[in-house]
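> Sequence:
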Amino acid sequence: MSTVTAPDVTLSASAAKRINAILAKQDGAAFLRVSVEGGGCSGFSYKFDFADAANADDLVVERDGAHVLIDEMSLEFLHGAEIDFSTELIGAAFKIKNPNATAACGCGTSFSI
Numbered sequence: 000m001s002t003v004t005a006p007d008v009t010l011s012a013s014a015a016k017r018i019n020a021i022l023a024k025q026d027g028a029a030f031l032r033v034s035v036e037g038g039g040c041s042g043f044s045y046k047f048d049f050a051d052a053a054n055a056d057d058l059v060v061e062r063d064g065a066h067v068l069i070d071e072m073s074l075e076f077l078h079g080a081e082i083d084f085s086t087e088l089i090g091a092a093f094k095i096k097n098p099n100a101t102a103a104c105g106c107g108t109s110f111s112i
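If you're matching positions, the sequence shown starts at 0 in numbering that gives the first Met the number 0 and goes up one per residue.
Treat the hints with caution; some may be incorrect.
[Claimed, not checked] For lysine-lysine, the following DSSO-like pairs were computed, each having C-alpha atoms within a straight-line distance of at most 30 Å:
id	residue 1	residue 2
1	LYS16	LYS46
2	LYS24	LYS94
3	LYS46	LYS96
4	LYS16	LYS94
5	LYS46	LYS24
6	LYS94	LYS46
7	LYS16	LYS96
8	LYS96	LYS24
[What the hints assert, rightly or not] Ranges between beta-carbon positions, derived for each pair:
id	residue 1	residue 2	range
9	ASN99	ASP26	18 to 26 Å
10	GLY38	GLU71	26 to 34 Å
11	GLU75	ASP26	18 to 26 Å
12	ASN54	THR86	26 to 34 Å
13	ILE21	LYS96	15 to 23 Å
14	ILE89	ASP51	28 to 36 Å
15	ASP26	ILE89	14 to 22 Å
16	ASP63	GLY38	15 to 23 Å
17	LEU88	LYS16	31 to 39 Å
18	GLU36	PRO98	13 to 21 Å
Since the hints were made in silico from the structure, they are not lab data.
The beta-carbon is built from N, C-alpha and C at its ideal position, and this holds for glycine as well.
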């Protein structure tokens, strides 16, 4: 496990605050895991899970006490991305601002490269 620094992947202040709030309510979970999987309406999709420990190949992104795990394969798709949390009139959600994505669908969790 190693800690990544910019420009790999960053967390916004609002994402860090929300991650800390969520993990405080999760029994045993210490990390939010973000990964990229094949599928979704645009070819790839983001997946969010909780983890109680990091795997040997995980990279850790940290801000304000919030820790996000990203596996090495997913990091290839996320270089330069920012994980944000936004609250809008239609709802609140984590959003990934990914400079590698050439297109995204309306749901915000699916993208193509």
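> Hint by hint, note whether the structure agrees.
Quick rundown of the hints versus the structure:
Between LYS16 and LYS46 the CA atoms are separated by roughly 19 Å; this keeps the pair inside 30 Å, and the hint holds. Between LYS24 and LYS94 the alpha-carbon distance is near 21 Å, which keeps this suggested pair within the 30 Å criterion. For a cut-off of 30 Å, the pair hint linking LYS46 to LYS96 stands: about 14 Å separates their Cα positions. The suggested pairing of LYS16 with LYS94 holds, with an alpha-carbon distance near 14 Å, which does not exceed 30 Å.
Straight-line distance between C-alpha atoms of LYS46 and LYS24 comes to about 20 Å, which keeps the hinted pair within the 30 Å bound. A hinted pair counts as satisfied when its Cα atoms are at most 30 Å apart, and LYS94 with LYS46 qualifies at roughly 11 Å. Of the pairs offered as hints, the one joining LYS16 and LYS96 holds, with about 17 Å between alpha carbons and a cut-off of 30 Å not exceeded. The straight-line distance between the Cα atoms of LYS96 and LYS24 is roughly 26 Å, inside the 30 Å bound, and the hint therefore holds.
The supplied range of 18 to 26 Å is broken by ASN99 and ASP26, whose beta-carbon atoms lie about 35 Å from each other. Separation of GLY38 from GLU71 is about 19 Å and departs from the stated range, judged on CB atoms against 26 to 34 Å. In this structure the supplied range 18 to 26 Å is violated for GLU75 paired with ASP26, their Cβ-Cβ distance being about 32 Å. Taking the beta carbon of each, ASN54 and THR86 are about 31 Å apart, inside 26 to 34 Å as hinted.
The beta-carbon spacing between ILE21 and LYS96, approximately 20 Å, falls within the hinted interval of 15 to 23 Å. The hinted range of 28 to 36 Å is satisfied by ILE89 and ASP51, whose Cβ atoms lie roughly 32 Å apart. For the pair ASP26 and ILE89, the beta carbons lie near 30 Å from each other, so the given range of 14 to 22 Å is not met. At about 32 Å, the beta-carbon gap between ASP63 and GLY38 misses the expected band of 15 to 23 Å.
Taken as a hint, the range 31 to 39 Å is violated for the pair LEU88 and LYS16, whose Cβ atoms sit roughly 20 Å apart. For GLU36 and PRO98, the hinted distance range of 13 to 21 Å is satisfied, since their beta carbons lie about 20 Å from each other.
In this structure, the earlier hints numbered 9, 10, 11, 15, 16 and 17 are contradicted, and the remaining ones agree with it.
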